[in-house]
Amino acid sequence: MNKFKEEITNTKFTEFYSNNFGRCVYNKTLRIGVCESLDQYIPVDQFMDIFLQCGEMIKNYDLKYFIFDKRALRAFHQPSMEWYYIEWKQDMLKLGLKDHFKILPNEDWFKKCVEAGRAEIARDYPESLLDQINVTYVNSIQEAIDQIQS
Amino acid sequence: MTTDLKNSPVQTETADQMRKELTVLKERINSQQDMLERTTGFMSQIQSSLEQSKQKVEEKNKETFDSMRYAERLQQAILPSCDEVNKAFIDSFIYLRQCEIIGGDLAYFIEAEDSYFIAAIDCTGHGIPGAMISMMAHSLLDEIIMQHLVFDPGHILTELNRMLFSALNGGKKEIKDGLDISLCRVHKDTKKVSFSGARRPLLHLSIGASELIKATRASIAENPDSTFETIDIEGEGKNKFYMFSDGIPDQFGGPKGKKFGTKRLVSLISEIKMLNMKKQSEIITNTITSWQANEPQIDDNLIIGFCI
Numbered sequence: 000m001n002k003f004k005e006e007i008t009n010t011k012f013t014e015f016y017s018n019n020f021g022r023c024v025y026n027k028t029l030r031i032g033v034c035e036s037l038d039q040y041i042p043v044d045q046f047m048d049i050f051l052q053c054g055e056m057i058k059n060y061d062l063k064y065f066i067f068d069k070r071a072l073r074a075f076h077q078p079s080m081e082w083y084y085i086e087w088k089q090d091m092l093k094l095g096l097k098d099h100f101k102i103l104p105n106e107d108w109f110k111k112c113v114e115a116g117r118a119e120i121a122r123d124y125p126e127s128l129l130d131q132i133n134v135t136y137v138n139s140i141q142e143a144i145d146q147i148q149s
Numbered sequence: 000m001t002t003d004l005k006n007s008p009v010q011t012e013t014a015d016q017m018r019k020e021l022t023v024l025k026e027r028i029n030s031q032q033d034m035l036e037r038t039t040g041f042m043s044q045i046q047s048s049l050e051q052s053k054q055k056v057e058e059k060n061k062e063t064f065d066s067m068r069y070a071e072r073l074q075q076a077i078l079p080s081c082d083e084v085n086k087a088f089i090d091s092f093i094y095l096r097q098c099e100i101i102g103g104d105l106a107y108f109i110e111a112e113d114s115y116f117i118a119a120i121d122c123t124g125h126g127i128p129g130a131m132i133s134m135m136a137h138s139l140l141d142e143i144i145m146q147h148l149v150f151d152p153g154h155i156l157t158e159l160n161r162m163l164f165s166a167l168n169g170g171k172k173e174i175k176d177g178l179d180i181s182l183c184r185v186h187k188d189t190k191k192v193s194f195s196g197a198r199r200p201l202l203h204l205s206i207g208a209s210e211l212i213k214a215t216r217a218s219i220a221e222n223p224d225s226t227f228e229t230i231d232i233e234g235e236g237k238n239k240f241y242m243f244s245d246g247i248p249d250q251f252g253g254p255k256g257k258k259f260g261t262k263r264l265v266s267l268i269s270e271i272k273m274l275n276m277k278k279q280s281e282i283i284t285n286t287i288t289s290w291q292a293n294e295p296q297i298d299d300n301l302i303i304g305f306c307i
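Chains as they are written, first to last, in numbering that gives the first Met the number 0: chain A, 0 to 149; chain B, 0 to 307.
For reference, chain A alone in the conformation it holds in the complex (with noise of 0.2 Å):
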């Protein structure tokens, strides 16, 4: 059982939606959507895709919290990421998702390619609201969760 079967069966989630390179699943009580990467490249339609199938999660069971897991992941696509910031974050913010965590692979060189992309994204959409969104880093599902219960 990998790390994530492990936590999310611990923690009692529910599968939502499944394709070959994501998944998202979710714990009503706790309110908390993850989406899991299940490859090292998600394709721009298939990221498209389980994204879109995460929002209806949130809308569907009033989720105020959400965990991206990308450990598995070893490249993403820069219009992927600028759809997932400006468009996607931006409507689930409008649904009351506000608080984000992300795990990210253990790579240090993944992490500055994370941060260069991000900052190209604040720099080419300097009116989006991501300042409204929280962001936190964190190492697995259940440091998420801790933070969220504490």
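Be a bit skeptical, because a hint or two may be false.
As the list claims (entries may be wrong) - Derived contacts from chain B toward chain A, CB cut-off under 8 Å, selection only:
(1) Ser30
(2) Thr38
(3) Ser209
(4) Glu210
To be verified - Pulled from the structure, derived: some chain B residues nowhere near chain A, Cβ distances all over 12 Å:
(5) Thr22
(6) Glu26
(7) Gln32
(8) Glu36
(9) Phe64
(10) Asp176
Said to hold, decoys possible - In the EDC-like style, the derived pairs of lysine to aspartate or glutamate whose C-alpha atoms are separated by at most 20 Å in a straight line are:
(11) Lys19/B to Asp48/A
(12) Lys19/B to Asp38/A
(13) Lys111/A to Glu36/B
(14) Lys58/A to Asp38/A
(15) Lys25/B to Glu86/A
Since the hints were made in silico from the structure, they are not lab data.
Idealized CB from N, CA, C, for every residue including glycine.
Following the hints, put chain B in place on chain A, whose structure we already have.
Only chain B this time, still in chain A's reference frame:
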């Protein structure tokens, strides 16, 4: 009979699957290349920004350094010259080693009517704030002695205390800084020495005797109502006097990393008292340097010695 596998549904499906996987792989490689280029650009921007900041810090540092060097010249301009002090006494030395370029320890000397006034000023703190307080004290001492014609050392310090307290606390903000001082008045004709101190003592050495004369236990600008006692000292023959800031006694060093201490300083001076003042200054300098060794200098160092 042979089967044509080339266009079989299984073969077509496998080929489609492989094409999809290849497309994803190609997209992934392109994305990684894009990530690499973006991150390299991002790191270059950070590096360039750091270099600009470093340059600004270096420029600011140079400005501050130049400014402190200029302030050092100003501070040195008000220090008594060795010639001036040597003319007043049989022999003398002033050893001043600031912790930074400028500092809060300052030697003071002035001739007024029938007397010489000599003082070791030790301001709280060091560096620029110390230097500013010591310059204020220097200017106020001039005013008290030369304009108000106050010559009694205790009265001078009492007046200095009142004026400096008022100057530092007259504004909106209360300032806790002040200074400690040893002040001597030497009567030109009688050679009588009158001393007053604010937390700093006077070491008096005469033939066969050594006395550390205690100061009033109050700093200047600590309490506006403090008054300072005058002690008259009379001695036969040659008398040597030493005033020092707390920088040397408080200096850490030695084999156990302890403070040099007042006792050790008094003992050192007593051992070398028969030497001329220049030689004494050299020995004190070497002893302190050797004691300090690799420890940092924690405060300004000042010793004044004079012989009458």
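Legend entry - Per-residue hint verdict: Glu210/B, partner chain A, C-beta under 8 Å: This hint is violated: Glu210/B lies away from chain A, its Cβ roughly 67 Å from the closest one there, beyond 8 Å.
Legend entry - Least C-beta distance between Thr22/B and chain A, which was stated to exceed 12 Å: 8 Å, violated
Legend entry - Pairwise hint evaluation, Asp38/A against Lys19/B, where the allowed Cα distance is 20 Å at most: Holds - the C-alpha atoms of Asp38/A and Lys19/B are around 15 Å apart, at most 20 Å.
Inset, instruction - Check the non-interface label on Glu36/B: least C-beta distance to chain A beyond 12 Å or not. - result: 10 Å, violated
Legend entry - Restraint check for Lys25/B with Glu86/A, where alpha carbons must lie at most 20 Å apart: 26 Å, violated
Inset, instruction - Classify the hint on Ser209/B as holds or violated, based on whether any CB of chain A lies nearer than 8 Å to its CB. - result: 67 Å, violated
Inset, instruction - May I ask you to test the interface hint for Thr38/B with respect to chain A, counting a Cβ-Cβ separation under 8 Å as satisfied? - result: 4 Å, holds
Inset, instruction - Closer than 8 Å between Cβ atoms is the bar; does Ser30/B clear it against chain A? Give me holds or violated. - result: 5 Å, holds
Legend entry - Satisfaction of hint between Asp38/A and Lys58/A, Cα-Cα up to 20 Å: 26 Å, violated
Legend entry - Non-interface claim for Gln32/B, where every Cβ of chain A lies beyond 12 Å: The claim breaks: Gln32/B does not keep its Cβ more than 12 Å from every Cβ of chain A (closest is about 9 Å).
Inset, instruction - Examine each Cβ of chain A, and state whether all of them lie more than 12 Å from the Cβ of Asp176/B. - result: Since the minimum Cβ distance to chain A is about 43 Å, Asp176/B lies beyond 12 Å and the statement holds.
Legend entry - Restraint check for Lys111/A with Glu36/B, where alpha carbons must lie at most 20 Å apart: 12 Å, holds
When held up to the earlier numbered hints, the structure conflicts with 3, 4, 5, 6, 7, 8, 14 and 15 and fits the remainder.
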